[in-house]
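Student: As a plain string of letters, each chain reads:
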Amino acid sequence: MIRRLMLAAAVAALPVVALAGDARRDAILADYAAKARAADKGFSAFSAQRGETLFRTKWTGGDARTSSCTACHTANPRQPGQNAKTGRPIEPVAVSVNPKRFTDPATVEKQFTRDCRSVLGRDCTPLEKGDYITFMAGQ
Amino acid sequence: MRPLTFTLLATLLLLTFPARAGNDWMPPVRDATVQKECGTCHMAFQPGFLPARSWTRMMGSLSDHFGEDASLPDDKTEIIRNYLTANAGDVVNWGRAARYMQWVAPGGTPQRITENPDFLRKHRFPESVWKNPKVVTKSNCVACHSGAERGLYE
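Chains as they are written, first to last, in my numbering: chain G, 1 to 139; chain C, 1001 to 1154.
Hints were generated in silico from the structure; no laboratory data involved.
No experiment lies behind these values; they were computed from the predicted model shown.
Ideal Cβ placement from N, Cα and C applies to all residues, glycine included.
Hints are all accurate, no fakes.
Derived DEER-like restraints, expressed as beta-carbon distance ranges:
1) G:Ala106 with C:Arg1057: 21 to 31 Å
2) G:Thr113 with C:Gly1039: 14 to 24 Å
3) G:Asn76 with C:Ala1105: 43 to 53 Å
4) G:Glu91 with C:Lys1131: 17 to 27 Å
5) G:Thr74 with C:Cys1144: 14 to 24 Å
Please model the complete structure; the sequences and the hints are all you need to start from.
Tutor: Here is the structure:
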């Protein structure tokens, strides 16, 4: 009986855990949206399509080994990747296969800072960050 | 009598080999912050490969970490520096750590584990091995040493 109750509780908690992940991601997106609006009053919403373009564009300002996000994350973000500089395996970025993605603000900001400088040769704007997360959340 | 001798010999061998393996072992990273922050872009290398003063230098120059900006918030830098220096090669000074330390110049602050002569003498491979797409760099220990994260480099 107790086991059954525990199982029921665990099953009931599952969607809550999943939703909690979404809420944290939503909060990160809301923060980037506020910053995007502050930078441009015309900002209306993030775009998964712009995020995908950002993901697939070959840039020239950064490290030659990482001229595109796909250099490490592969052309399919649902697949695991590999750090092009160190060989370290990278977990998929697509939220559908890796729901932990974009749920910790400090980790998200740290990774954007490092990767944008490495790939684009500059910091990403809040608009670009929000677009990227929106693209990955739908992948 | 013979089977008994054999059993005794086998037991002796079994007892001897793990002991040797143990002497080759490098104490693994056990701190969660170090594992996460030092183990995202590359393997979290065991602190026993470098002396404490090397880690102090490295943790003071994260904005240019082998050409990468690996800056961290001060509180995390502090936790990591403390862990690395407390478990550094000249502190452990036993087994493989001791063998690496014997090549470090007094007062020297080497940064690349892969330049230590003890590393070099065991990694004399043709260029093709290093060019393997699974390897990418000499610091990618786990590409060949599956137990590297646990400190096993057999």
